[in-house]
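Chains A and B, in that order, give the protein sequences.
First residue of the first sequence? That's 0 in numbering that gives the first Met the number 0, and the numbers climb one at a time after it.
First residue of the second sequence? That's 0 in numbering that gives the first Met the number 0, and the numbers climb one at a time after it.
The set of hints was computed from the structure by calculation and includes no laboratory data.
Note that CB positions come from ideal geometry on N, CA and C, so glycine has one too.
Among the clues, some could well be false.
Here are some chain A residues pointing at chain B (derived, C-beta under 10 angstroms) [said to hold, decoys possible]:
1. Thr83
2. Pro90
3. Val843
4. Val844
5. Val847
6. Ala849
7. Val851
8. His852
9. Ser853
10. Arg925
Covered by chain A, per the in silico footprint, the following chain B stretches (three or more residues, Cβ under 8 angstroms) [to be verified]:
11. 48 to 55
12. 141 to 150
13. 181 to 189
Computed list of chain B residues with no C-beta within reach of chain A, every gap over 12 angstroms [what the hints assert, rightly or not]:
14. Val19
15. Met87
16. Asp109
17. Cys213
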Amino acid sequence: MNLADIRSRLDGLEGRAFWRSLEELADTPDFREYVHREFPSQASEFTDPAGRRQFLKLMGASLALAGVSACTRQPQETIVPYVTQPEEIVPGRPLFFATAMELGGLAQPLLAESHMGRPTKLEGNPEHPVSLGGTDIHGQTSVLGLYDPDRSRTVLNQGTPTTWSLFLAALQGVTTAQTALGGASLRILTEPISSPSVLDQLEMLMSSMPDAKWHQWDPVFGTWQGGAPAAAPVYRFDRADVIVSLDADFLGAGAGSVRYAKDFSSRRRITTPQAEQNRLYVVEPVPTVTGAKADHRLALKAREVGAFASALGAAMGVGPASGELPDEARTRWIPAVAADLQAHRGRSVVVAGPHQPAAVHALARAMNDALGNTGETVHYMAPVTASPADGTASIAELVREMNAGQVEVVVVIGSNPVFTAPADLGFAEAFAKVPTRIHMGLYHDETAELCHWHVPQAHFLEAWGDVRAFDGTVSLQQPLIAPLYDGHAPIEVFSALNSAPGATSAEIVKEYWTRAFAGETTTSWPLVDRNGQKFATFDAFWRHALHDGFLWGTSVLAGAAAAPAPAEAPVAAPAPMTGTEVVFRPDPLVLDGRFANNGWLQELPKPISKVTWDAVAYVSLGTAESLGLDTTRVGNGDVNVIEIAVQDRTLRMPVWILPGTADDTVVVHFGYGRRRAGRVGTDVGTDAFPLRTSLTPWFAGGATVTRTDDTYPIASTQNHFSMEGRHPVRVVDAEEYRSNPESVAELGHHRPPPEMSLYPPYEYNGHKWGMAIDLNACTGCGVCVAACVAENNIPVVGKSQVMRSREMHWIRVDTYFEGDPHQPAGTYHQPVPCQQCENAPCEVVCPVAATVHSDEGLNDMVYNRCVGTRYCSNNCPYKVRRFNFMLYSDFTTQELRAQRNPDVTIRSRGVMEKCTYCVQRINHARIDAKTAGTPIPDGTIQTACEQACPADAIVFGDLNQADSRVVALKAQQRNYGLLEETGTRPRTTYLAVVRNPNPALG
Amino acid sequence: MSQIFPRSANALARMSLAGVLFLVVLLGWIVFMLMRAPWLTKQHEFVDQPVQFSHAHHVGGEGIDCRYCHTSVENSAFAGIPPTKTCMNCHSQLWTNAAILEPVRASFRDNVNLKWNRVHDLPDFVYFNHQIHVRQGVGCATCHGRVDQMPLMYQQNTLLMEWCLDCHRAPEKYLRPREEVFNMAYQAPENQLELGRRLKQEYNVADVRHMTSCSVCHR
């Protein structure tokens, strides 16, 4: 494909030109063939080495056996009641408990669904100010980690299984020896910590061993390039009319992403054409979901973002401008953005991203101060995670001390530095010099392998704890289940170091809060109920706090006073960089590899690129052309491998051409290539850590990138289930929509009248379920997919199957780019579940009536009737049906059985499946309403995707209920049905994207 | 050249055609009958249990209400199998030395669960819900039979889908007043159809279109 071809093709299209991939734009005969077939050619044929003849023999035999086995009797099953039934449990009904997940030291508040003691699904805690009911992708998928059969199961001493009590005895020896030395040669390495009780234990430890040191390392959170900012910002996007993001993916990553997406989308879910919405400017090197929501997006190198910030500041009278900027940015962007910000003083916000140096953070803060935004749209407070804040500096110091022989004992908790530490430090060699190495972690990982002692860590659903959210809210963790694999909480190790071995996490945490209630802790906590009243007794306080999952009055977002932010220390401007830039990013799903053994996360398509099961390096189309890369690869398949050299380090990595990436930039994702992850994650993908150094953890200049002759197979879902250029997303500008509310409808084709059907009309008398998806709110983060997987027992199929378009996700998020592929004018996301068509094309072609309509308008899928002809999928215009080509559900791994949702059938081989609007939830609500004799109030039934969505983009409800939210949404002029010209009358409809561009930027 | 096939071959050919047809029909009939055979449905089959618990004694003899043990039948899909503690409520006082109750005492003493064998076992893709059936006036005995007359528990009905649909298509044939749901000895009145239709109205029982929608039971 060459530039001229693309230009002519784009020019030939009317209106906005949308495309999903470069292959689609190139429209080669190969690609047409690929799209024409629902599955790649030979996907349904048996191409494995066994051979066709062998296959037929086996099939013949298994057919005969299947025929015979169908006549066998069902095996005898047992029912195992309790000996003494716990009071709250009603068999067959789930219970919900508030807890929190800790990620990067900060809380992700959750409600855990428990079926007779088995946690099966995690939802957001609707009362918690940081969640408001939504979850992020890691919150949704972490329940699978609980049941991971590869988690470490026993305490190991020199690789030999031993016991927790023997470990405690050994630790006692360490404590005695170190106390005598004042802890001079004891080092503790953890991830960032905000937990009040753990910090209390650490404080105690440091007072009894004043010379001991606590180091912190987390390659994703708490790692800074050029120093950490002094203050932690908490944004109020619900109050901001104009938002400028300086390389900040606040909607897609980080501990605040859920609340931020809620707040941001509250200004995008417009109800009338006249409604005002916010405006977002994004300046970033890597396409992110935040960039995709931007009204104006500028792709700059990471190092140019600082220059942009200083120029923007200078335009508003904050500091001098410094650094090089492209003309486009300097002459058009800076004046327009500065004017827009100054027109919205106190109602705008400048957001600096965590991958930018402290200087950019200081500039953003100064601009917010100057604009009067501080205190209105942003609060600056002391960081919630305790010092040491800068992980790279901290781990570098630890390595120095280990090399100098100053460390006798090192205790590593949670972290996996042997795999993740900056490559220039030589962590593993230094680590090997320490005489006693102790590791606690969920897995026997790369670090555990080098340790004398390894202790299995309890999953957060197995232990007591407390952790603070990014806005300071103290959240409590309570166990949903006894440790499956003899795990212990980190706090139990700290307690043992404090000469209180054997105390359980329950005792230690409760003891801390008993002292806090009595006012005997270093930090004083408000400890009030939801009305601000003090509790009479500790028991009353504890019961309420556990029920709610957090402490009222501790949330800055809910109005609590924040710990005052320290002033920013003056920072030296970073050394200027030149040449091709390498940008480092954690994999958006498996992060630094800590979730590498989570099959759900491995298989979720990564936002925007839709790559699964691998780490790739992103480059722009311009860079790809200058590198001579193949830009016409078709669908899944082999991509080029490039060699990236920075100073004396080199790395070979598969490359992915992602429109919207900054030119002359390579975005390298780390977190793959784990050597000891488990059956899912070991040796999957490429390890990029060898390229990442302590001085340049997020971006580095002076790189040399060369194309190699190697290729590498990548499984990306971007071209799967294509709707072949029928313009499924509709986008209008705010001004256009305001002046002509029919502009969205005009983008579509003629909608056939309802009577144009061969089938008699059907009257839906009772409930009439429907869904509306607001594309203007949707950020494309993919949480809905994760939630659907967890709720509906959707199996993981593996990379080779994804390459054959056999992924089983019932909802997918399609990404569309607009305009010039060198610099797309827009990126749009569209979640596509089953559209539950009223005139469903799938139903009429099923020869065995395995897919039929319910009286409430659901397109039912009856697994036990399905014989696997796949006619339905062939006839589905939306390509939302999924077929079990093989036995994808894991029927054998005992541990994973406990995770499954008991209300949803586990599908076997040869069966078609698809979204059911979470019919299990509908049925439960309907039965409960009937039992109570009341109607089902709007909002009672939430589908899994709707409940998890951080942007509230998905709304499900009854179309026969006049005052339901979904009826109101569908009445909007933005509402349209996907491919409605085909007459399928989909029950799921979409609300068009309304962009709010700045006229000054055109 | 002489004929290869004698004249009788015609008759043989016709007979084999008829024979093949007969065999196909026979095979179909066998499959049809086998599917409904008690051998497969486990209808009327006694199931071994760790304790030979007698419903006839406890329900029929002592008059214990169903809900004393099956506590969640009115508010959950699953009726509930009583925990050992429920047995011990009485049997810590009564028949404390009976040999037959040793497994129950052992369970309570050692905190080890009793493992009962399922008598009514639906396929895993069927999601039966007790709560709504009890609420809408389907008596326990309608599906489970006269449990109060069963010394050993067995499955009274086939539990085949056609059996479920028999009622889902015409619930008026079986509905009874709510207050009679747990009454084992309830006899349907002469005017059952009339009563059923009235109850269907009164209890807001869904129409046949809803009750025969697949996703009501399968999901």
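Cross-check of the supplied hints:
no.	hint	result
1	Thr83	holds (4 angstroms)
2	Pro90	holds (5 angstroms)
3	Val843	violated (16 angstroms)
4	Val844	violated (17 angstroms)
5	Val847	violated (12 angstroms)
6	Ala849	holds (9 angstroms)
7	Val851	holds (6 angstroms)
8	His852	holds (8 angstroms)
9	Ser853	holds (4 angstroms)
10	Arg925	holds (8 angstroms)
11	48 to 55	violated (count 0)
12	141 to 150	violated (count 0)
13	181 to 189	violated (count 0)
14	Val19	holds (19 angstroms)
15	Met87	violated (9 angstroms)
16	Asp109	violated (9 angstroms)
17	Cys213	violated (4 angstroms)
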